[in-house]
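Trainee: Residue numbers (our numbering), protein chains in the order written: chain A, 1 to 378; chain B, 1 to 397; chain C, 1 to 322.
Take these hints with a grain of salt, some might be off.
[Stated by the list, open to error] If you only want the chain B side, here are some residues facing chain C, beta carbon under 7 Å, derived:
| id | residue |
| --- | --- |
| 1 | G48 |
| 2 | G51 |
| 3 | N151 |
| 4 | Q213 |
| 5 | S214 |
| 6 | Y215 |
| 7 | T217 |
| 8 | T220 |
| 9 | T223 |
| 10 | P224 |
| 11 | Q225 |
| 12 | P244 |
| 13 | Q276 |
Worth flagging that the hints you see were computed from the coordinates, not collected in a lab. Since the structure is predicted, the reported quantities are computational estimates derived from the model, not experimental observations. Each residue gets a CB set at the ideal place from its N, CA and C atoms; glycine is no exception.
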Amino acid sequence: MTTSGSGNPPATANRSEKEKSLKHLARDNSDYVILLVVSLFLLTVPIWADYVSTFIMDAMIEAGIFAIVVIGLNLLFGYAGQISLGHAAFVGIGAYTTALLCTRITGFPTWFALILGGLLAGLIGLVIGIPVLRLKGHYLALATLAFGLIFTELLKTQNSVSNQSNGGIGGIPNFSIFGLTLKSKIMSSTGYYLLIWIIALLVVLFTINLIRSRVGRGLRALHSSEIAADTMGVNTRNYKVKVFVISAVLAGLCGGLWALSSGRIEASMFDLRYSILFVTMVVIGGMGNIWGGMMGAIALTFITKILELQIPQWIPNRPSWLADPGNIAVVLYGLLLILFMLFLPKGITFGLSRLGTFSKQGGSRVKDRLRAIRYRGG
Amino acid sequence: MFWKKRGFKLFVVVMVVTTASLLLSAGCKPKKASGAEYKVGVVISTTGPNGPLGTPEQQALTLYEKQLNDNGGINGRPIKFIILDDASDPTKASSAMTDLVKSQNVLAVIGSSGTGTTMPMVDIAQQANVPLEACAAGIKVTTPTPGGPPNKWVFRTPPTDAMAAEKVADYLASGLKVKKVAILYDSNPFGSSGNEVLKALLPTKDMEIVSDQSYETKATDMTPQLNNVKGTDAQALIVWGTNPAPSAIAKNMKQMGMTIPFVGSHGIANMTFVEQAGDAANGAVFPAGRMAIPESIPEGTEWRDVVDKFRADFKAEYGSEPNTFAGHGWDAGVIIANALKISGEDRSKLRDEIENTKDFAAVDGVFNYSTKDHNGLNADDLIMVKVVNGQWQWLKY
Amino acid sequence: MFRKFDRDQRITIAIFAAIAVVVLVLALSIKKSAGFNTILLGLFYGCQYSLIAMGLSIIYSSTRVINFAQGELSVLGGAFFLTFVQRASVPMLLAFILAVLVVASIGALFERAAIHPLKDSSIITMIIMTIGFSIFLRGIIKWVWGANALPVEPFTHGPPLHFLGATVERQSIWVFGFTFLVVIAVYFFFNRTLLGKGMRAAAENPDAANLVGVSPSRSSLIAWTMAAALGAAAGVMFAPKTLVSWDQGVWLGVKGFSAAVLGGLGNVMGAVVGGLTLGVLEFVVLMFIKPEYQNIIALSVLIVVLLLRPQGIIGKTESLTV
């Protein structure tokens, strides 16, 4: 299986061709163009969505909220090459922070609570990230899994945070800024739709800039080979933690928005299922691809909603094997993950391939990478 | 050029899939409520931990729909229940109800089967001004502040957990005549809500709670907690939770040789408990609607007639006896249909008519709603049931 | 088990043994017979964790992959057992063997179809692959066996036995006996048979092993088959006690990971120690603190070990961090 696809110089390219491809990279503004197009398109959705189908707006709101955390996770997986199976915990931290601030302190500005939620999640991400990111691969996965689960478990035991009997928080006010308050989702989806997608698109913009910056190049080097990057003077530890914290902040932001738009949160919204869902969205959307996160979030949200809400309505008298279409989504996602890893794992190395330097597909053997560096005189 | 980038192909694929899904959902245009049928949304848990509650509710509603429509419907127009499963997940319940209210323009919503999934539906009902007939027992569903006014748009059919707790407390005080009680409650909304009610109620009946512990909904071994109970002088153990944990507790108790009475909640008022606990279920006591043992409903009353007919029809259709949960679903449908006759297609008028339901004999009891009471029933509509040789027996005390 | 431990390992083992003795003494003296019962309960569940952790370590040592689907394979074992016994009226012993065989072949199939082709892939790919497998299995179990917890008859009926002041359920005897036999068999396999020793060699140095005729690819296949079989056996053994439910796999997996990491990921005998330790620790600690914290114990163990000593009690200090 060869990895050179369209637009990538062959592995044994000589120096000048490599330089050309790198320069080509620097002048490439296509991402901004795509961002503009996508933004314009998304802005038009509220106008026509209700005529096509009323579930689109709600689905897009959900997709937008998840897109924010998934884009952050995409940075972590695809660009920094790290894995996290517990990110729903950061979402939960953001959500509970925002909810607690808004419900316990009357009149607390919601936009500020949102920001604080993101920041607190980032802070905890820092505290956890520093020790945990020393671990590699499987151990990192297990550690993030454990932290994610501990958050949910702790939530279940602390009844003091909640104002409901289910460990949750209800009565969260709607988002408001500059004296303008959004209407609840059920009354009018446009308000939250715009808020969420504006934030999501800003996040994408931020990500594009990040990738193109020095930090971004360092990240790509880090992903392709930590040891090589270390040798070349990239402070790997630093970068890994930075990206982890960024992804945590984004997750916290996502949580805060989720809390505000739902009006009610509870522990089951931040459990392992969602951590895994985010991972699925990143993978299926395409890791290492700026748009992967967003696309994954939208695609999976729609597929799930269609299976859960529409199919039961179209086919009310279903044969018993079709009784639980939501579960079919689960089976489908599992299968897709396996198939994607078998046939389309290129998403992971997408970021790498743009450098055109390392051609071996995701080789995990350090020896091979070092060998590659030696032969390419880089 | 950017279209040559590898990721672009993936991007296109995903965009295509997304657009296709959007077009696919184009089939679901918002439906106008005018036309032949009265549409009522139903969001219940037919799968997930509350599946044993939701499935009978669904069966009852499907049967009612058929019966009602075969008999001319409501003022000549058929009723249609659009039934969605929330998989015992509050987020899904919220999405489902939102979809029903917005895209199907349903007149009212029935659901959900458990308290946790019903709470978000309460928010939607209150915000969107849609009548909600809940099949959940948690007191907060209708009455957010204890003793305060009920939520304007929310009503319910099952006896509340407050009523069940009252029945249990009454049994402990007057039947078992104990003074010291231990509580084991499920950490989920059902259990926590019940525990709060019990903690407030038992002291008023001159009883002391010597041990108050919780357990994980999915735990399979409560020996540690039971050890703690053994160390106290509790004379009875209240187990407030839904299956399968109570059956594990019963088995644990048997294994540990604990002989104090096992007093369950209405959460085990179904045969699943007996199936899962086997021999250990014998001797367990729990509150249930009188429908559990229909002979407990006074003969000659309209209530008894309604229940007898319901049982016969359900058995004819499904081949098995209905349980109390089927009753909750049935009653929700009947009350709404009854109110629809007068109100017509207006959510606000429908709400008013539901609130006007008085002396209405249904399966769970005789309903009396009012501006102060959206629960409709009281503790006398419940009885205590004892499991004897794998069967249910009416426990009179 | 009689290998030479280096100084580092000896210290850790000594500390561990000391703590264990202290905890056990505390438990027995404060809670007496309840304490003894709890310790037995902990050993009982510990056997489950051990069996699952052994599977995890076997796979990890051969293929450097953490099988996130191990818990689901276990549930699948119990589920098939249930079907054979209840729907097909197969005698229990035969049903047990069949269930284990079926799940073992599913494991083998997955290894050939998904793990083997990707053996050179990055860690993220492998992790996501097994996560996908676990999601898939979970969905299938829910689809086929439904959403409710299904009861299973214990192997032998009858009242629990009493001995030395403790109450022991009959099923526990089966579990202890079976686990004991399995541990001995596995030890024998890896230390006395050519195939087992070959697998260990392949795990340590695939190229060298290849040179002497041991195929790492075949080792990988055997590893996955064994692990699936062990998981399935655990599932069957515990089904009468824990019932069979589609959502049990997650926590089984997590506790399996904790146990395996505690004993040293990749170290099969360590996994046994880790599993039993985790079980006893969980239930003994529960005697002294609120029951809601049960799961947090296993998680804390995992985190503490990962952060302080990722190679576990018996593992050697290898380069596990960057």
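Trainee: Next step is simple, just say for each hint if it's right about the structure.
Mentor: A quick look at each hint next to the structure:
Given the 7 Å rule on beta carbons, the hint for G48(B) holds: about 6 Å separates it from the nearest Cβ of chain C. Contact between G51(B) and chain C, as hinted, is supported at the beta carbon level, the nearest pair being about 5 Å apart and thus within 7 Å. Taking 7 Å as the C-beta cut-off, the interface hint given for N151(B) is violated, the closest approach to chain C being about 30 Å. A cut of 7 Å between beta carbons decides the hint on Q213(B): the least distance to chain C is about 6 Å, and the hint holds.
Evaluation of the S214(B) hint against chain C yields a held restraint, the C-beta minimum of about 6 Å falling below 7 Å. Of the supplied interface hints, the one on Y215(B) holds, with its beta-carbon coming within about 6 Å of a beta-carbon of chain C, less than 7 Å. Hint on T217(B) is violated. Least Cβ distance to chain C is approximately 10 Å, over the 7 Å limit. Of the supplied interface hints, the one on T220(B) holds, with its beta-carbon coming within about 4 Å of a beta-carbon of chain C, less than 7 Å.
Restraint check, T223(B) versus chain C: the minimum CB separation of about 6 Å is within 7 Å; hint holds. Evaluation of the P224(B) hint against chain C yields a held restraint, the C-beta minimum of about 4 Å falling below 7 Å. Hint on Q225(B) holds. Least Cβ distance to chain C is approximately 5 Å, under the 7 Å limit. For the restraint placing P244(B) at the interface with chain C, the shortest Cβ-Cβ distance is roughly 4 Å, inside the 7 Å limit, so the hint holds.
A least Cβ separation of about 5 Å between Q276(B) and chain C falls short of the 7 Å threshold, and the interface hint therefore holds.
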